[in-house]
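Visitor: In case you want the letters, here they are:
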Amino acid sequence: KNQVEQSPQSLIILEGKNCTLQCNYTVSPFSNLRWYKQDTGRGPVSLTIMTFSENTKSNGRYTATLDADTKQSSLHITASQLSDSASYICVVSALNAGNMLTFGGGTRLMVKP
Amino acid sequence: GEEVAQTPKHLVRGEGQKAKLYCAPIKGHSYVFWYQQVLKNEFKFLISFQNENVFDETGMPKERFSAKCLPNSPCSLEIQATKLEDSAVYFCASSQWSLTSSTDTQYFGPGTRLTVL
Numbered sequence: 062k063n064q065v066e067q068s069p070q071s072l073i074i075l076e077g078k079n080c081t082l083q084c085n086y087t088v089s090p091f092s093n094l095r096w097y098k099q100d101t102g103r104g105p106v107s108l109t110i111m112t113f114s115e116n117t118k119s120n121g122r123y124t125a126t127l128d129a130d131t132k133q134s135s136l137h138i139t140a141s142q143l144s145d146s147a148s149y150i151c152v153v154s155a156l157n158a159g160n161m162l163t164f165g166g167g168t169r170l171m172v173k174p
Numbered sequence: 060g061e062e063v064a065q066t067p068k069h070l071v072r073g074e075g076q077k078a079k080l081y082c083a084p085i086k087g088h089s090y091v092f093w094y095q096q097v098l099k100n101e102f103k104f105l106i107s108f109q110n111e112n113v114f115d116e117t118g119m120p121k122e123r124f125s126a127k128c129l130p131n132s133p134c135s136l137e138i139q140a141t142k143l144e145d146s147a148v149y150f151c152a153s154s155q156w157s158l159t160s161s162t163d164t165q166y167f168g169p170g171t172r173l174t175v176l
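Heads up: the sequence lines are chains A and B, in that order. Count along the first sequence starting at 1, add 61, and that's the number in this note's numbering. Count along the second sequence starting at 1, add 59, and that's the number in this note's numbering.
Chain B on its own, in the form it takes in the complex:
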């Protein structure tokens, strides 16, 4: 079946450089979620979208992180002026609905590993 696609698989940036990650959700899914996983530890929620609208951005660092989901384009997560602590695997997930019922399965992409040197 269809899968959540994330590009690139790996991204290496020097401290202070910009990083941009992309996510193509499963066709027909209205919700997109971004998570950060540092060193195989807990997932940190960043932001979610309902179609092109921000649904919840409570986890988003305000200063350097931004995200968009525009019609007919992959969603993107951009980090301006990367820092060493931004090194992590960034996962995108999508779901058809807003995860309130037991039929709302959330599908994860394979992740983008960002290394900041």
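Same shape as in the complex, but just chain A:
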């Protein structure tokens, strides 16, 4: 069964600090991995998308890494801001008919002043 596990479930950090969120998956055959940011009461917004051949991708202060051998990904947030408070969701796509997306449970990040 395709699964995506994220850790930690929740995280509180001080403004200006860095943090790293983890994602482990068992989706096969692997197509691509996406990180989304979901603000409270809104739909998710795409941060990064990585295919099998890409092992790092940046979007401003967000940097995602992918290790397709160990089936792990991380999202690193540098110099956090209050606006980074949100849920961060890891989504893995399987290379099959329909290209089904499997969503992780998300990490709820709170950035405090």
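Read the hints as simulated data drawn from the structure, not as lab findings. Hints should not be assumed to be uniformly reliable.
[Claimed, not checked] With beta-carbon atoms standing in for the labels, derived distance ranges:
#1 A:131 with B:76: 35 to 43 Å
#2 B:100 with A:116: 28 to 36 Å
#3 B:100 with A:89: 36 to 44 Å
#4 B:112 with A:73: 43 to 51 Å
#5 A:114 with B:123: 36 to 44 Å
#6 B:74 with A:119: 27 to 35 Å
#7 A:90 with B:162: 17 to 25 Å
#8 B:71 with A:73: 29 to 37 Å
#9 A:135 with B:71: 39 to 47 Å
#10 A:135 with B:125: 45 to 53 Å
#11 A:74 with B:131: 41 to 49 Å
#12 B:71 with A:171: 25 to 33 Å
#13 B:156 with A:116: 32 to 40 Å
Cβ coordinates follow ideal geometry from the N, Cα and C atoms, glycine included.
Chain A is fixed; fit chain B onto it per the hints.
Guide: Same frame as chain A, now just chain B:
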């Protein structure tokens, strides 16, 4: 730029009543996806369309849920005879292509919150 539009924002139904949700994808996007998110937890995939054709419906509960994407009309998700456990936020998303490459960005709408009493 353009956004995925979903209506209504909130919908309240008594148990057993029908609920119909609408989604207007971004112009030019061929793929539409419906997801259910219960209590801010994991997204459950329901169904996807390629233009007006069902692309993948493996997540769709067979009995009470139906969906359509007709030309020149918003896509719709309909729940017949709603149950308490249908209470959730229903998100629609659209993409230009089928999400197989790193350039296929999926854009989500703001969601419709369905409350079944």
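Visitor: Determine for every hint whether it applies to the structure shown.
Guide: Status of each hint after checking the structure:
1. A:131 with B:76: 35 to 43 Å: violated (48 Å)
2. B:100 with A:116: 28 to 36 Å: holds (29 Å)
3. B:100 with A:89: 36 to 44 Å: violated (24 Å)
4. B:112 with A:73: 43 to 51 Å: The hint (43 to 51 Å, Cβ to Cβ) holds, given that residue 112 of chain B and residue 73 of chain A are roughly 46 Å apart.
5. A:114 with B:123: 36 to 44 Å: The hint (36 to 44 Å, Cβ to Cβ) holds, given that residue 114 of chain A and residue 123 of chain B are roughly 42 Å apart.
6. B:74 with A:119: 27 to 35 Å: violated (48 Å)
7. A:90 with B:162: 17 to 25 Å: holds (20 Å)
8. B:71 with A:73: 29 to 37 Å: For residue 71 of chain B and residue 73 of chain A the Cβ distance comes to about 34 Å; the hint holds.
9. A:135 with B:71: 39 to 47 Å: Cβ of residue 135 of chain A to Cβ of residue 71 of chain B: about 40 Å, so the range 39 to 47 Å holds.
10. A:135 with B:125: 45 to 53 Å: violated (40 Å)
11. A:74 with B:131: 41 to 49 Å: With Cβ atoms ~48 Å apart, the hint holds.
12. B:71 with A:171: 25 to 33 Å: holds (30 Å)
13. B:156 with A:116: 32 to 40 Å: Distance hint for residue 156 of chain B, residue 116 of chain A is violated at roughly 23 Å.
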